[in-house]
Amino acid sequence: MAQAPGVNGLCGGTPASCSSACDRHGEEARGMSANGASVRVTGDTSDGGGGGSGETAAREGAPAAPLCVKCRAAPAEVIANQREPYCGACLRASLLYKVKTAINKHALVQAHDAVLLAFSGGHSSTVLLHFLSELQSHATTPLAAAADRGKTVFRLGLVFVSEAAVLSRPHYDGDADVERIRKLAAPFEKRGCRVHVVRLEELFLKGRSQAHQAAPEGTMPRGSQDSATKGVVRNDSGDQLEEGRPGYSVPHTDGLAGAWERLRAMVARVADATAQEDLVEMLRTEALQQVAVEHGYTKIATGVCASRLAAEVLTGTVKGRGFSLPADLQAVDRRRTVPVIAPLRDCVIKELATLCTLNRWPTTFVPSLDAGPTARPSLNRLTQDFLTLIEDDLPGRTLTILRTAGKLQPFPFNAFPALPPGHRARLQPAQGTEAAAEPADGVNLCALCRAPLTSAEVQDGGAGERGARGPESEPGQRLGADAGDGGNEGRDTAEQARAEQAEERRGAAAPAGDQLRENGAEVGSTGGESDGRGVEVASVGHEASNGDSRGSSGAGRGVVPPGPQSEARPGGVACCRSCREQVLGGTGGTANPAWLHDLPWLDRAGGRAAEEARRDRMRNKIQDFLL
Amino acid sequence: MVEINLEFSGGLELLFGDVKQHKVQVPAKDGAIQVLISDLLVWIRGNLLKERPEMFLKGDSVRPGILVLINDCDWELCGRLASPVEDGDTVVFISTLHGG
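As given, the protein sequences belong to chains A and B, one line each in that order. Position 33 of the first sequence, counting from 1, maps to 33 under UniProt numbering, and the rest follow consecutively. Position 34 of the second sequence, counting from 1, maps to 34 under UniProt numbering, and the rest follow consecutively.
Here chain A stands alone, though its shape is the one from the complex (with noise of 0.2 Å):
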């Protein structure tokens, strides 16, 4: 059998088969030092020697095991790097640098925040979490954090979405799923670490938005479980669902099993299998918010890592959204409520699987739409197999899509205020807002996917009618530091889709105010997370036809600066182009379909006050945690 690494990434007592790159072996096991050799001694130093311990020493028939190129005292495990032979150790150094570089670069996670960390029992949660639970043990005390209340270390929490009531499979049982996520969670739980566990479908659990406002901090609304609750349906009455199928029973109750239901029906308006998945991930970024807001977390950190972000380049330009592209493949984005980081944006996944296996850290795979057994042939999908079979031709290619696109230029809300996008920065004591800062930075953002406008997108929904803003905030331009480009190139475009769009509507019927209405929407009423500000962005023509659903970052209201309230048409909410044409199924010009106003942060009814409160007690906490 292998070098046994010990148990949960525990030294295994010699550096070659030490796997936690503890400081037993010398401070140049933690680092990334090119000079390791003379610490790391296993007895032979030299090239030839084939290395300290280990069954890859040679064996007949197999070629003499190289040695790691890094360290160059143990043999090589895996090939990291594109195309570098590295140990075990210096692999888990190798990533574990990369993630404390983009930490400290963007500030994503100080001592003072409360990171809730999505976790899907996969290997990129898998390494996230454990890199995380070590960052917090191993956190040394800032000087300003002192007066921080005794509040030292970031607090960590993790939370897992079940996606059971969206599989194309009725009545898939996902508790046994939630079961071995909770075993995987446990060690952590025992050092501290919150757990909580939400179905997906509690977005749609009536009159839930009361419940945020009803419920005093602290306590979690009825229906939603966390440790506490393990496995337990109960509808609003408290009462506990019969037994039958597990979770997912008796749907008649108006409850979670109503709730089910009206996820499975939204999900089933869309036709398109990419649109389904498209409309999931912006289900589950809003049930991340949820859970964040709730239980006063300041920032939410999910296991992104660039194999997935380079799909998303690829999926976002077929998709159409070469404007938006930047915004959802940065470190930061503060669009929401609870600011999202990707600490791992720079690690590939078969770095991170081998990590995880090398360590042997458990992972569990849950099966979702486009992921286990009854994954559809979606865009998604089809561009992920594609760019696994272009690295596997020739590795490295992920991390070269990556880097194209980074010279895409990022957003305002790409960055932590005080810090423009890409700037470099070391780890800061304890600042003052950045949760609660201002996300969007008067950047309008599409209804559905959160995407930012351009003008045209915006007058197309607002009728062509805004008032007059000033030059500062004309969607498409980029506000802030790096303004300069990135505002001509949105004018441009915007200006060249605003002609397309005339010509579109020129055919379009005159639209009917009282349609509008019916769709619920208040003249002047607040934005999302943009402080109340500004108005809903009409929409235009007629009812638009079903169509798929896009989305790989969540959503948000669409919300235009002030302007003169009284040249706002009621009615509708601003899309962008993609979202119109893919999830709406429309062209230029027409009405948005009357079920967008399910959709859990559209909902009116109690909505907005509820937001309100919400952002109330997230400034509160803000306050607290200053003081």
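Do not rely on the hints blindly, as some may be mistaken.
[To be verified] Computed footprint of chain A on chain B; a stretch qualifies when at least three of its residues, placed anywhere within it, have a C-beta under 8 Å from a C-beta of chain A: (1) 43-50; (2) 55-69; (3) 74-86.
Source of the hints: derived by calculation from the structure; they are not laboratory data. Idealized CB from N, CA, C, for every residue including glycine.
Fit chain B to the supplied structure of chain A, relying on the hints for placement.
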């Protein structure tokens, strides 16, 4: 004949009756002294794979995106399909086809 410990993860276990770990006896090809990974794959296909072989195999080799580790060593470093497997070895197949 060699006895090998097999492990499947990343979703591959679903192709093998949802069992992650298997202990198997694999014969060498006729006339050969050693058992190679290529022999192992053939054997797996014929004896262990319950469904959808195209999810695991492609031609002579594993489907792209599936990592193979022999005793914690990347098979790229051991000769890929020509890597020998000995009695008591552990061969791990990990699918990276789905996000983590």
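Structure-based check of all given hints:
1. 43-50: violated (count 0)
2. 55-69: With 4 residues closer than 8 Å to chain A, the region 55-69 of chain B meets the three-residue bar; holds.
3. 74-86: holds (count 8)
Figure legend: structure checked against the earlier numbered hints; the only hint not met is number 1.
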